[in-house]
Every structure is written in structure tokens, then in C-alpha cells.
Amino acid sequence: MTQRKTATGTPSRETDIAVIGAGPSGMAMALLLARHGFRTALVAPALPASDDRTTALLESSVEMLRSLKLWDRIAPHTAPLEHMRIIDATGRLIRAPEVVFDASELKLPAFGYNIRNAELNAELAEACKAESLLERIDARVDGLETGESGVSLTLSDGSTLNARLVVGADGRRSAVREAAGIEVREWRYPQCALVLNLEHDAPHHDHSSEFHTPTGPFTLVPLKGRRSSLVWVQEPGEAEHLHALNDETLALEIERRASSILGRMRIVGTRQLYPLGGLSAKTVASNRCALIGEAAHVFPPIGAQGLNLGFRDVATLGEVLVAARRRGEDIGAPSVLAAYERARRPDIASRTTAVDLLNRSLLSDLLPVQLLRGLGLYLAGRVPPLRRFLMREGIAPAMARPRLMRGLTLS
Amino acid sequence: MSAAETVAGGSGTTVDDAEVARFSAMAAEWWNPAGKFRPLHKFNPVRLAYIKRQVSAHFGRDEKAPDAFAGLRLLDIGCGGGLLSEPMARLGAHVTGADASSTNIEVAKIHAASSDLAIDYRATTAEALAAAGEQFDVVLNMEVVEHVADVPLYLEACAQLVKPGGLMFVATINRTLKAYALAIVGAEVVLRWLPRGTHTYEKLVRPQELLEPLTAAGLREMERCGVSFDPLRDRWQETSDTDVNYMMLFSRPT
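If you're matching them up, the sequences are chains A and B in order. Okay, so the first sequence: first residue is 10 according to my numbering, each after it adds one. Okay, so the second sequence: first residue is 6 according to my numbering, each after it adds one.
Don't read these hints as lab results, they were simulated from the structure. Any given hint might turn out to be false.
[Stated by the list, open to error] Here are the simulated lysine-lysine pairs, DSBU-like style, with alpha carbons at most 30 Å apart: (1) B/Lys168 / B/Lys114; (2) A/Lys138 / B/Lys69; (3) A/Lys233 / A/Lys116; (4) B/Lys114 / B/Lys47; (5) A/Lys291 / B/Lys47; (6) B/Lys69 / B/Lys114; (7) A/Lys78 / A/Lys233; (8) A/Lys291 / B/Lys41; (9) B/Lys183 / B/Lys208; (10) A/Lys138 / A/Lys78; (11) A/Lys78 / B/Lys69; (12) A/Lys138 / A/Lys233.
[To be verified] If you anchor each label on the Cβ, the simulated ranges turn out as follows: (13) A/Trp196 / B/Asp235: 26 to 36 Å; (14) B/Ser119 / A/Gly152: 12 to 22 Å; (15) A/Thr418 / B/Gly202: 45 to 55 Å; (16) A/Glu247 / B/Ser119: 53 to 63 Å; (17) B/Ala39 / A/Leu417: 30 to 40 Å.
For glycine and all other residues, C-beta sits at the position ideal for the given N, C-alpha and C.
Please put together the full structure from these sequences, using the hints given.
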């Protein structure tokens with residue numbers, strides 16, 4: 010990156026691409042771009058101290074981390090997810106049968122690998138430091154102006170940053186999205202998610218267990234050792250009641266809900282309560298700005314889709330930009346952004362709809378809806394090709410697989 | 006357009022004044038990808054990929070390198086607003102962009118400056134460049150021949166601009182009934198991708214009509230391919246069907 014002084018004396022810097030936001034998607038994006046020869050600035054306030062949430066990295070995300078040569082560093086922090094158990098605990102007239110999906114049916118060692126975000130972030134941040142083309146700027150973005158051939162960013166440290174392209178990785182309240190004039194569709198569910206981590210006496214045997222209850226899913230995902238993460242979706246009143254309980258009482262309540270399959274439980278770390286909602290940007294790119302991760306799409310924490318979808322944004326945008334540069338195209342040109350939009354839209358739309366439908370089917374008291382859900386899970390349990398299709402599609406839709414997630418390189 | 010704007014509008018040139026006037030009127034639209042030149046913007050990736058591949062192979066460059074054209078002297082004839090010149094400059098070529106319309110050249114200059122690209126834009130013609138004895142490693146002759154007044158005369162001038170060992174790319178539209186149906190009736194009347202009157206059937210050029218004058222001028226055909234629109238994927242792609250849009254590649258033997 011080159012430094013210049015403007016006429017007014019405030020420092021001004023030039024870069025190819027500015028990535029705004031240093032969550033897992035933003036850091037992976039910056040790393041991928043720098044590795045492929047783009048001068049990259051990663052702009053975000055210094056990381057918040059801790060993030061107790063966890064992420065199940067599905068096979069396609071692992072493939073991308075592998076191609077970025079990061080997987081060997083991340084793998085020791087993860088627990089494999091070899092079996093997924095879905096249990097109908099709706100207590101309704103028509104209940105779906107219990108279904109267990111095994112990764113071995115897909116000839117995979119695991120569906121995914123569960124990791125605490127804090128550890129994932131630490132490894133990504135460490136890798137970012139080692140990139141010569143990547144500069145980390147600890148600042149907020151206060152202003153963004155798109156010109157004919159570049160974007161001018163005003164940062165909270167008083168400096169100006171000029172880039173050909175801006176990547177908005179700044180989350181659901183994305184300032185980049187707003188500055189680019191991209192509208193969103195937003196919706197709320199009558200639910201809250203209680204998210205926390207547990208220690209338990211019995212081993213989890215690398216099983217995740219998803220209890221479908223009338224108020225939403227209750228999901229235990231294995232962490233390393235005798236620990237699991239819990240996402241418990243409840244109606245807001247009940248969720249707040251649970252959130253207010255002391256550790257011992259809440260742990261007992263969780264054990265009871267889990268039918269004691271993991272034995273006695275203890276709560277570790279902090280617990281968090283999230284109102285559930287969804288958000289979908291009308292387009293993922295406009296005005297020299299491309300959106301990735303939750304800046305482009307938000308949905309309830311069901312089925313391990315969120316960050317994995319974000320990583321597919323990362324791998325796809327990287328692929329589109331490397332191809333555009335190879336043709337000599339302006340990397341922020343509308344035609345390039347349109348190619349990114351075209352590549353991502355079907356995947357984002359189908360994920361958003363699938364998660365939305367699954368969630369709404371749990372909430373529905375309508376008999377036909379219960380029937381369909383029950384029939385769907387019954388067929389998924391009995392018909393092997395359908396099972397494999399659903400499992401594979403759950404991991405990553407075949408159509409949307411970017412090169413980096415197929416074990417291929419970009420250059 | 007005023008007479009003063011046409012640099013080479015005098016006698017003995019192959020520039021068709023009416024054609025130049027029509028494009029100058031649209032010059033401000035050049036860089037608007039949603040505007041009148043949308044089809045050209047959509048067309049760009051496929052022709053850029055083709056040029057990148059062929060030039061890299063011919064000059065022994067790494068096709069994947071972002072600066073594969075470093076040091077090559079390249080001429081973009083009928084450069085318009087610079088839609089091809091700019092990518093060529095980004096790939097490292099020393100680019101000369103020539104257009105008979107000075108309005109187009111002004112638009113192109115302003116845009117290149119804002120893109121931080123050094124491109125030698127000149128309001129001139131192939132004939133004038135040839136008369137001055139200029140030669141280039143690569144000559145791009147893309148979507149131009151169907152707009153000139155005298156095709157053989159124009160091609161003869163273009164051929165002189167290719168250095169021994171150099172390449173010339175020609176892209177145009179074939180004069181077939183299928184081209185009439187798709188490129189004129191389809192693109193201009195039905196889909197309205199292009200303003201009506203952009204192309205006239207009689208001015209379309211058959212591959213043989215490129216091959217003969219260029220071969221006579223000492224060039225050799227290396228290959229040809231068709232370019233077709235895939236409506237499902239909403240993009241253009243290379244095909245073996247040269248009935249409508251097609252590209253030909255020529256070289257001047259050393």
C-alpha cells in the first residue's frame with residue numbers, strides 16, 4: 010500500500026481492495042485476496058475480547074481453509090461431527106420419526122467440525138499478520154463515497170483510504186451496505202435463541218442432536234472433549250425466563266430437555282440471547298461494493314448454515330475477482346459485481362428459503378404442514394439416494410461450489 | 006457531429022461519416038453498463054478471455070499472469086470509449102487506442118485518467134497510422150469492419166499495422182440469414198439490445214471477405230471461432246458456430 014499526503018495534510022492511502030469487518034468471513038476474505046496478489050486493507054475496530062459462539066465448519070468450508078493452508082492450524086481446535094440425529098419432540102399428533110444421518114454414507118470422515126469462534130478468529134488473525142500484501146487498519150469507517158473508478162473511505166483515525174473495490178463484511182447492520190444504497194428485506198420470527206456452551210459427564214460420541222420442539226429446535230453440537238454447544242430456540246418470554254435462571258437450575262433444565270443423553274451438565278462461559286430474524290440484501294453487490302457474510306444474509310441458527318454460507322461468498326468472490334483481473338477487467342466494474350451476484354443468488358435464496366421453511370414448519374400447528382415435515386423426514390430416513398442428496402445439499406449445494414471448495418486453485 | 010470533429014473525414018479514407026456521427030452521439034453512454042452499450046459490456050468478458058489466451062500462447066506468456074502483456078505494443082482500432090483498451094493496459098500492454106470520432110477519444114481519455122491508466126488515445130484512422138508507418142505486436146479490430154465504407158481498402162491498411170511475428174484479431178458479424186434474424190431483427194427490433202440501425206445487413210462481412218484481402222496483404226489465418234449468447238446463463242461464450250458473431254485470428258509471418 011502506498012502512502013500519500015493530500016493537500017489538506019490528512020494521510021491518504023491507496024489499496025486495491027478494502028475489506029470492512031474482521032469477523033471470520035472478513036478475515037478469510039482478506040487473507041484469500043492478499044494470497045492472490047491483491048493489495049488488501051482489512052479495516053475494523055480491534056476485535057472484541059471474546060466470542061463464545063461456536064460454528065460447525067461444514068466440509069466445503071474445511072476445503073476452503075485447506076486450500077488457504079489454514080486447516081492444519083484450525084483442526085486441533087475442532088470436534089468432528091460424524092452423526093446428526095434429528096428427534097421430533099413436538100409432541101404433536103403426527104410426529105416425524107427419529108432420523109440419524111451418518112457422514113460415512115457420503116464417504117466423508119465428518120459432516121463438519123465444530124469450533125469456538127474465539128479460536129477460529131484467533132487463528133485467522135494470526136494468519137492475516139503474516140501476509141505482506143495485507144494491512145490491518147484498526148479503525149471504523151465513518152464515510153464511504155463511490156466515484157467513477159474507485160471508492161474513497163473516511164476512517165475514524167482521520168485518514169482516507171482509496172480502493173478499487175470495497176468488500177462489506179461488517180455484519181447485519183452493515184454500513185457498507187447502506188452506503189452502497191443496497192436495500193434489504195428483513196423479517197422477524199416469534200422466537201429467541203439461547204446460546205451457550207456446556208460440559209457434560211457422558212461422551213457425545215461425535216453426535217449432534219437436534220430436538221425439534223414446538224417452539225423451535227434445541228440443538229447440541231459436540232465440541233472438543235466432553236463439551237457441547239447448545240442453541241435453544243424458544244418463544245421470547247420463555248427464553249428470557251431461561252436466560253434469567255442461575256447456572257445450576259438452567260443446567261438441570263437443559264439436561265431434562267435433552268433426556269439426559271449427555272448425563273449431568275455444567276454451563277461454561279457466558280450465555281447469550283438473540284432475537285431470531287432473517288435478513289436478505291436485495292443484491293450482494295452494487296456501486297463498487299460487494300457484500301459477504303451477514304451483511305448479505307442472516308437467518309436463524311439452524312442447520313449450521315450461517316458462516317458456511319459466508320465462506321461460500323468468500324470463495325466465490327475471490328474466484329470472480331481473480332478471473333476478472335486475469336482478463337484485465339476493472340475489479341470494481343459493474344460487470345464483475347454482476348458476475349458475483351449471479352453466482353451467489355441461487356445459493357443464498359435457496360438456503361434462506363430452506364431454513365425459513367424448516368423453522369416455520371416447526372412453529373406451525375397446521376396438520377398438513379406437520380404431515381409434510383413428518384413425511385419429508387420419514388423419506389429422508391428410508392430412501393438412501395434422497396438421504397444422500399439431502400445430506401450433500403445440506404453441506405453445500407452442488408451448483409454453488411466455488412473452485413476453492415472443490416480442491417482447485419484460483420491461479 | 007460537426008465536420009471539425011471528424012479528423013479524417015476527407016477524401017481517400019474508408020470512414021463512413023454517417024456511421025461515425027451515430028456513435029459520437031452515443032459517446033457519453035460508453036461507460037454505462039446499463040445503458041446503450043450494455044451488449045458490448047456483456048460481450049467484453051468472452052472477447053477479453055479469447056485475446057488473453059491467444060496472445061499469451063503466441064508470445065509465450067503465462068496466461069494466468071495479471072501482467073501477461075507487459076512490453077507488447079497493442080493497437081485498438083475503433084476503440085470507442087476504451088472498453089477494450091483499458092483491460093489491455095491493465096494487462097501490461099503499451100496501448101494505442103484509435104477512433105475516428107474525437108468525441109469518443111475525449112470520453113476514453115477522461116475515463117483512462119480516472120482509472121490511473123496510461124493509454125495513448127488518438128483521434129485517427131487505420132489508414133493514417135499505416136501511412137505514418139506505425140506497427141504493433143497486436144492489432145485489435147473488434148466490431149469495426151461492419152461499420153466501414155470500403156472493407157478491402159480498410160483491411161489492407163490494418164494489415165500493414167501488424168509487425169512481422171505480430172497478431173491481428175478481427176471480430177464482426179457474418180452476413181447470413183441467421184445473422185439477419187438474430188443480430189438485426191432479434192437484437193435491434195425484438196430485444197432492443199441495440200439501437201435500431203446499429204447494423205445494416207448489406208454491411209455485414211463474411212469470413213471469406215476478411216480472409217481474401219488480409220491474405221493478399223501478407224497475413225495468415227490462424228483460427229476462427231463463433232461467439233453465441235447463452236440465454237440460460239445470460240452470457241456470451243465461444244462456439245464453433247460462425248454464422249452470426251465470429252472472431253478470426255491472423256498473424257504476419259516473420
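Hints and how they fare:
no. : hint                            : result
1   : B/Lys168 / B/Lys114             : holds, 26 Å
2   : A/Lys138 / B/Lys69              : holds, 27 Å
3   : A/Lys233 / A/Lys116             : holds, 22 Å
4   : B/Lys114 / B/Lys47              : holds, 22 Å
5   : A/Lys291 / B/Lys47              : holds, 22 Å
6   : B/Lys69 / B/Lys114              : holds, 28 Å
7   : A/Lys78 / A/Lys233              : holds, 22 Å
8   : A/Lys291 / B/Lys41              : holds, 24 Å
9   : B/Lys183 / B/Lys208             : holds, 15 Å
10  : A/Lys138 / A/Lys78              : holds, 15 Å
11  : A/Lys78 / B/Lys69               : holds, 21 Å
12  : A/Lys138 / A/Lys233             : holds, 27 Å
13  : A/Trp196 / B/Asp235: 26 to 36 Å : holds, 35 Å
14  : B/Ser119 / A/Gly152: 12 to 22 Å : holds, 20 Å
15  : A/Thr418 / B/Gly202: 45 to 55 Å : holds, 47 Å
16  : A/Glu247 / B/Ser119: 53 to 63 Å : holds, 58 Å
17  : B/Ala39 / A/Leu417: 30 to 40 Å  : holds, 33 Å
Against the hints set out earlier in the document, no violation occurs for any number.
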